[in-house]
Structure formats: C-alpha cells, structure tokens
Amino acid sequence: MNATELKTVAGDEGRIAQYEWKCKKRGNQQNTIDERKYHLKDLVKEGADLNDTESVETVLALKGCPTATKWLTVNAYRSYCKMFGIQWEKIRVKYQPKMPYIPTEQECLIFIAGLSGKTVSIVCKTLFETGCRIGELHQIERT
Numbered sequence: 001m002n003a004t005e006l007k008t009v010a011g012d013e014g015r016i017a018q019y020e021w022k023c024k025k026r027g028n029q030q031n032t033i034d035e036r037k038y039h040l041k042d043l044v045k046e047g048a049d050l051n052d053t054e055s056v057e058t059v060l061a062l063k064g065c066p067t068a069t070k071w072l073t074v075n076a077y078r079s080y081c082k083m084f085g086i087q088w089e090k091i092r093v094k095y096q097p098k099m100p101y102i103p104t105e106q107e108c109l110i111f112i113a114g115l116s117g118k119t120v121s122i123v124c125k126t127l128f129e130t131g132c133r134i135g136e137l138h139q140i141e142r143t
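Going left to right, the sequence shown walks through residues 1 to 143 as my numbering numbers them.
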C-alpha cells in the first residue's frame, strides 16, 4: 500500500469516526450507529471514496449483494452525506421487506408435541397459550 492509499484509508476511517461521534451527540442508538458504520466501512473496503458521490454510486452499482443490504448501505451513506453537508441525491433501491412466516395453531401444537423433554415442552406450551415472551415467563414465581 503506498502513501496515497494509506492517507485515503486513514481519512475515510477518520471521517467514519467523526460520523460516529456526531451520531452519538445527536442521540442515535448505538446499534443504529454500529450498523451504519459497518455499511460505510464496507463501501470503503469496496473502493469507494466517501467524499466522492460518484465513486460511491459506482461501488453501489457494481456491488453484488441482496437488495436489503444495498438499501441499508444507501441509507447509511445518505445519513453520512447529510451529517457532513455533502450534496447527494439518494439512488433508488426497490426494497420490499418479506413477510415473516407465521405458523398456524395446528403447526405450533405439532411442534410442541414433537419436543423431547418435559421442561421444554411445558415452557413452549405456556408461551403458546399465554402469548407472553420468554423473559416474562422467566419472571413468574412459583407459588
């Protein structure tokens, strides 16, 4: 790696660190900040210069990844641009979240019946019947 490449990488890493700090000061959640940092670092790893919107668009166009990942990357870069006052018209990524699979009542009962171990079966049956979450079930005290 030559000096120019090293300077560019250090510059992008520094800007990402500045971005992280600004996000923290604005009260963003840490998991949101971490996810955006991940996508920004991935852009840099793929060869994008975060201060050059054309290079970012080129990397996004050539990036072979699922649509959801590209959508998250575009949103992370949009946030980065907004934070540093970089003019960028967000590219369109058609993303339609998939609907989760929700098993039927009969499928749940078959699953519970197939469990081995009395404790696991009782826990799953209680969760199914009450609709509570595992943490809530854990807080129940015996009487």
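Hints should not be assumed to be uniformly reliable.
Said to hold, decoys possible - Computed list of lysine to any residue pairs in SDA-like fashion (alpha-carbon distance at most 25 Å, straight line):
no. : residue 1 : residue 2
1   : 125       : 97
2   : 94        : 130
3   : 45        : 98
4   : 118       : 99
5   : 22        : 98
6   : 37        : 62
7   : 45        : 17
8   : 63        : 20
9   : 41        : 18
10  : 90        : 118
11  : 25        : 86
12  : 37        : 67
13  : 98        : 60
14  : 125       : 136
15  : 90        : 125
16  : 90        : 108
17  : 118       : 135
18  : 94        : 65
19  : 22        : 69
20  : 118       : 75
21  : 82        : 108
22  : 118       : 94
23  : 24        : 35
24  : 70        : 17
25  : 63        : 15
26  : 98        : 87
27  : 90        : 111
28  : 82        : 42
29  : 70        : 21
30  : 118       : 100
31  : 125       : 108
32  : 25        : 66
33  : 82        : 98
34  : 98        : 113
35  : 90        : 136
36  : 22        : 108
Hints are computed from structural coordinates only; laboratory data are not their basis.
A quick look at each hint next to the structure:
Under the criterion of a C-alpha separation no larger than 25 Å, the hint pairing residue 125 with residue 97 is inconsistent with the structure, at around 30 Å. Taken as a hint, the residue 94 and residue 130 pair is broken in the structure, with Cα atoms around 38 Å apart against an allowance of 25 Å. Proximity of residue 45 to residue 98 is assessed by CA-CA distance (about 28 Å); at most 25 Å being required, the pair is judged violated. Using a Cα cut-off of 25 Å, the hinted pair residue 118 and residue 99 is violated, with the two alpha carbons roughly 33 Å apart.
A distance of roughly 32 Å separates the Cα atoms of residue 22 and residue 98; the hinted pair therefore is violated under the 25 Å criterion. Taken as a hint, the residue 37 and residue 62 pair is honoured in the structure, with Cα atoms around 20 Å apart against an allowance of 25 Å. Of the supplied pair hints, the one linking residue 45 and residue 17 holds, its CA atoms being roughly 15 Å apart against a limit of 25 Å. For the hint pairing residue 63 with residue 20, the CA-to-CA distance comes to about 24 Å; that is within 25 Å, so the pair holds.
At most 25 Å may separate the alpha-carbon atoms for a hinted pair to count; residue 41 and residue 18 meet this at roughly 13 Å. Proposed proximity of residue 90 and residue 118 is contradicted: the alpha carbons are some 54 Å apart, above 25 Å. With a C-alpha separation of about 20 Å, the suggested pair residue 25 and residue 86 falls inside the 25 Å cut-off, and the hint holds. With a CA separation close to 18 Å, the supplied pair residue 37 and residue 67 stays within the 25 Å bound.
Note on residue 98 and residue 60: the hinted pairing holds, with a Cα-Cα distance of about 22 Å set against a maximum of 25 Å. Using a Cα cut-off of 25 Å, the hinted pair residue 125 and residue 136 holds, with the two alpha carbons roughly 14 Å apart. Our distance criterion of 25 Å between C-alpha atoms is broken by residue 90 and residue 125, whose separation comes to about 47 Å. Restraint check: the Cα-Cα separation between residue 90 and residue 108 comes to about 43 Å, which exceeds 25 Å; the hinted pair is violated.
For the suggested pair residue 118 and residue 135, the alpha carbons sit about 19 Å apart, so the restraint of at most 25 Å is met. Pair hint residue 94 plus residue 65 holds up; C-alpha atoms about 13 Å apart against a cutoff of 25 Å. A distance of roughly 23 Å separates the Cα atoms of residue 22 and residue 69; the hinted pair therefore holds under the 25 Å criterion. About 47 Å separates the Cα atoms of residue 118 and residue 75, which puts this hinted pair outside 25 Å; it is violated.
For the hint linking residue 82 to residue 108, the alpha-carbon distance of about 46 Å lies beyond 25 Å, and the restraint is violated. For the hint pairing residue 118 with residue 94, the CA-to-CA distance comes to about 47 Å; that exceeds 25 Å, so the pair is violated. Under the criterion of a C-alpha separation no larger than 25 Å, the hint pairing residue 24 with residue 35 is consistent with the structure, at around 13 Å. Taken as a hint, the residue 70 and residue 17 pair is honoured in the structure, with Cα atoms around 22 Å apart against an allowance of 25 Å.
Under the criterion of a C-alpha separation no larger than 25 Å, the hint pairing residue 63 with residue 15 is consistent with the structure, at around 22 Å. Annotation: proposed proximity of residue 98 to residue 87 is violated, straight-line Cα distance about 32 Å (limit 25 Å). With a C-alpha separation of about 45 Å, the suggested pairing of residue 90 with residue 111 is violated against the 25 Å cut-off. Restraint check for residue 82 and residue 42: the C-alpha separation of about 19 Å stays at or below 25 Å, so the hint holds.
Between residue 70 and residue 21, the direct Cα distance comes to roughly 24 Å. Compliance with the 25 Å bound is thereby established for this hinted pair. Restraint check: the Cα-Cα separation between residue 118 and residue 100 comes to about 29 Å, which exceeds 25 Å; the hinted pair is violated. For the given pair, residue 125 sits about 9 Å from residue 108 by alpha-carbon distance, which is consistent with the 25 Å threshold. A C-alpha spacing of about 31 Å is found between residue 25 and residue 66, which places the hinted pair above 25 Å, so the restraint is violated.
For the suggested pair residue 82 and residue 98, the alpha carbons sit about 29 Å apart, so the restraint of at most 25 Å is broken. This hinted pair does not check out: residue 98 and residue 113 have alpha carbons roughly 29 Å apart, beyond 25 Å. For the given pair, residue 90 sits about 42 Å from residue 136 by alpha-carbon distance, which is inconsistent with the 25 Å threshold. For the proposed pair residue 22 and residue 108, the alpha carbon gap of about 46 Å is over 25 Å, so the pair is violated.
Of the hints listed earlier, those the structure fails to meet are numbers 1, 2, 3, 4, 5, 10, 15, 16, 20, 21, 22, 26, 27, 30, 32, 33, 34, 35, 36, in rising order.
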